[in-house]
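There are 2 protein chains.
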Amino acid sequence: MALYNFNKSIDLFVRAAKKMPGGIYGHMSPALTVPGSFPYYAAGGKGSHYWDVDGNEFIDYICAYGPMVTGYNHPKVEEAVRNQRELGNCFNHPGEVMVELAEYITDLIPIADWVVFAKNGSDVTTWSLQVAREYTERPKVIMAKGTYHGAHAWCTPGHGGIIEEDRAHIDYFKFNDIESFYRVVEKNKGKIAAAILTPYNHPTFADQELPVDGWWSKVQKTCNEEGIVLILDDVRAGFRLDLRGSNEYFGFKPDMACYCKAIANGYPLSACVGNDKLKNAASKVFLTGSYWNSAEPMVAALANLKLMKETNAVAHMMDIGTRLGKGLSDLATSHGLRVKYSGPPTIPFLRFANEENFFRNQRFCTEVTRRGAFFHPSHNWFISAAHTDEDLEKTFKYADEAFAIVKKEFGS
Amino acid sequence: MALYNFNKSIDLFVRAAKKMPGGIYGHMSPALTVPGSFPYYAAGGKGSHYWDVDGNEFIDYICAYGPMVTGYNHPKVEEAVRNQRELGNCFNHPGEVMVELAEYITDLIPIADWVVFAKNGSDVTTWSLQVAREYTERPKVIMAKGTYHGAHAWCTPGHGGIIEEDRAHIDYFKFNDIESFYRVVEKNKGKIAAAILTPYNHPTFADQELPVDGWWSKVQKTCNEEGIVLILDDVRAGFRLDLRGSNEYFGFKPDMACYCKAIANGYPLSACVGNDKLKNAASKVFLTGSYWNSAEPMVAALANLKLMKETNAVAHMMDIGTRLGKGLSDLATSHGLRVKYSGPPTIPFLRFANEENFFRNQRFCTEVTRRGAFFHPSHNWFISAAHTDEDLEKTFKYADEAFAIVKKEFGS
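Protein sequence lines correspond, in order, to chains V and W. Heads up: the first sequence runs through residues 1 to 412, numbered per the working numbering. Heads up: the second sequence runs through residues 1 to 412, numbered per the working numbering.
To be clear, the hints were calculated from the coordinates, so they are not data collected in a lab. Honestly, I wouldn't trust all of these hints.
Computed list of lysine-lysine pairs in DSS-like fashion (alpha-carbon distance at most 25 Å, straight line) [as the list claims (entries may be wrong)]:
1) Lys-145(W) / Lys-284(V)
2) Lys-18(W) / Lys-253(V)
3) Lys-218(V) / Lys-253(V)
Calculated Cβ distances over 10 Å to all of chain V for the following chain W residues [claimed, not checked]:
4) Lys-46
5) Ala-64
6) Pro-94
7) Lys-119
8) Asn-224
9) Glu-356
10) Ser-378
Computed from a predicted model, the values in this text were never measured in an experiment. Every residue gets a Cβ at the ideal spot worked out from N, C-alpha and C, and that includes glycine.
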């Protein structure tokens with residue numbers, strides 16, 4: 001087969017770099033894949049596939065970094081959006097759908113007595129800390145070192161433009177290390193407003209880490225005893241482990257939880273839910289944005305969540321992700337290579353077990369991607385409800401060829 | 001005529017309040033109009049009109065608090081969006097349109113050597129401060145006391161959940177009081193990264209204030225001399241005074257400028273532009289969000305800005321706003337009432353000159369709104385390019401009746 005080239009992507013990027021700092025910034029920066037070997041600009045998509053500006057088509061295992069969950073251009077979501085579009089989107093007031101969605105989500109998610117909507121994951125993770133500070137009248141926030149909770153100053157992975165005061169009251173523990181959690185609680189005793197955590201550990205450039213036995217029960221017990229508001233950052237994992245919230249998958253009860261990404265199949269919406277004790281404090285922390293009350297993303301979310309529920313989308317994604325993992329691991333073994341497939345089946349990550357520098361992984365993902373399945377070498381992947389058995393078959397064929405190249409170039 | 005009622009809006013709000021803190025939060029909160037006398041939920045819109053869930057139709061002088069600028073459901077903007085929609089919206093990469101829009105905006109706006117895109121006004125105002133801190137290696141930011149720059153902790157008008165460190169390096173001057181500006185610069189000499197200002201002063205619950213003679217030239221000169229990055233927060237006024245940026249209207253050159261609201265006729269997009277000296281620093285300050293690279297809002301922005309340019313939309317809005325102001329002022333005088341109409345013609349505000357408590361204004365706006373033209377009693381209004389002579393005629397008729405009621409109830 002002819003391997004893909006990315007000439008038009010590269011040309012566009014050269015133009016972009018003249019007019020935009022970095023050309024493409026943030027999590028989509030080409031610097032995070034392998035410059036020159038991955039597409040930079042998308043042209044369209046359908047189901048589990050998308051195509052780039054060079055006309056290359058990909059089976060997509062990144063799913064817009066999470067937002068796509070029932071498939072690009074899903075007819076049911078699009079129909080709902082199209083109907084709303086004819087009426088309009090952004091007005092002086094929310095649409096009736098905001099009330100319907102609030103009722104649907106608080107019914108769907110057991111811990112949710114209330115909900116607010118915003119646009120970015122960062123909007124709601126940051127706001128949730130403020131609610132916890134308002135409620136507890138305490139300043140400190142504790143989080144797992146290295147965890148991504150958004151791009152705001154208190155948590156951004158970047159270093160530029162940060163001042164000391166941005167993190168004056170942020171302290172850190174190590175995910176899955178309960179002793180380090182106890183230590184940071186003890187050190188800041190009586191001053192901690194909130195502990196914010198992801199449901200499992202999903203760093204970039206590293207294996208993913210599921211919670212060890214007892215982690216969540218101990219974290220929750222300590223928070224309850226110490227009057228610390230427990231906040232689940234479910235922005236990345238939300239609706240891919242359990243439609244009712246990833247805490248239901250792992251068996252614990254946060255006081256608040258933040259959602260974004262998969263909530264509306266790509267339409268711009270984020271949400272924070274919380275329990276009753278925090279509702280009054282929540283009403284006192286100002287939150288707003290120019291487009292936060294727009295009806296379209298809410299219509300999309302309602303259609304998307306109902307669709308996922310009706311079709312048991314999570315179970316399908318779990319099945320696809322499990323078989324993808326087994327298939328890739330078996331293929332690697334058959335080539336005499338050792339890979340580590342980590343994380344939950346629906347949000348997996350693969351790397352080569354015998355390297356720290358990701359060179360094999362970059363080579364492998366490059367070779368799969370240029371054949372037609374987008375694999376990211378340093379960021380976790382996402383499975384969608386639109387992935388099919390045929391997708392898996394083709395993906396294994398590309399992976400087989402890519403593993404052969406890695407074996408040939410790296411030995412093992 | 002039968003006056004409007006808002007029964008369905010109120011019923012929905014009662015349902016909402018059970019599931020959302022405050023029911024409707026932020027700038028759309030019913031508490032900021034007159035509870036029970038204004039619509040709470042929108043159902044659809046076309047051109048300069050929209051209708052609420054009770055079937056009431058309004059000539060809209062709030063324009064979704066700014067985002068609507070060429071008219072609800074403008075066919076040219078919608079056509080562009082529909083074409084993109086068929087291809088998709090949110091992918092692993094931006095679309096080619098991001099490059100086209102970056103080129104268009106840096107061509108349109110004279111101070112713009114580069115641009116970045118985000119979702120909220122707050123996203124870009126906050127980020128611009130970080131860029132200034134990165135560039136200057138200084139911590140302080142100065143702003144006009146009481147100015148709205150967004151909902152983030154350093155600037156939110158709310159009090160809930162704020163800690164001391166959030167504003168440790170924010171200091172204040174008074175808009176249009178150059179001596180107060182000089183004083184705060186002197187006080188923080190050598191430590192100020194940025195001065196962030198709106199192009200004119202647009203507070204809520206108060207008259208708007210255009211810059212006095214010499215204000216901008218003195219502010220700019222001082223910033224240049226002191227190495228302070230001058231940031232224009234053009235989120236509210238942008239594209240309604242001059243398509244090239246509101247600084248062109250007032251005659252000054254900021255180093256960075258932030259846009260949102262009117263940029264894409266209601267589609268969720270914000271932008272920050274800057275000059276070349278800041279581009280390297282800008283590339284070092286991490287920024288991202290789940291939906292920031294989505295193609296649809298960018299397609300909408302490109303169509304909307306081109307449309308505004310081709311149709312000379314700002315001139316039309318200036319004409320409508322000027323005539324609205326003259327008409328309302330003349331009507332008030334004819335009733336023996338004194339009103340103050342302030343701000344630029346395209347973003348006006350009206351209040352009664354002989355009251356501090358806004359009671360007349362609440363009564364007046366209530367009576368106009370329940371007749372069919374949405375007037376806000378405490379927030380500035382927005383004119384759109386879709387407003388017509390017929391809209392003005394009807395509005396004057398409603399205002400005439402409303403002024404008569406105010407006269408009867410308040411005397412003068």
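Status of the hints after comparison with the structure:
no.: 1; hint: Lys-145(W) / Lys-284(V); verdict: 21 Å, holds
no.: 2; hint: Lys-18(W) / Lys-253(V); verdict: 21 Å, holds
no.: 3; hint: Lys-218(V) / Lys-253(V); verdict: 12 Å, holds
no.: 4; hint: Lys-46; verdict: 8 Å, violated
no.: 5; hint: Ala-64; verdict: 5 Å, violated
no.: 6; hint: Pro-94; verdict: 6 Å, violated
no.: 7; hint: Lys-119; verdict: 4 Å, violated
no.: 8; hint: Asn-224; verdict: 21 Å, holds
no.: 9; hint: Glu-356; verdict: 24 Å, holds
no.: 10; hint: Ser-378; verdict: 14 Å, holds
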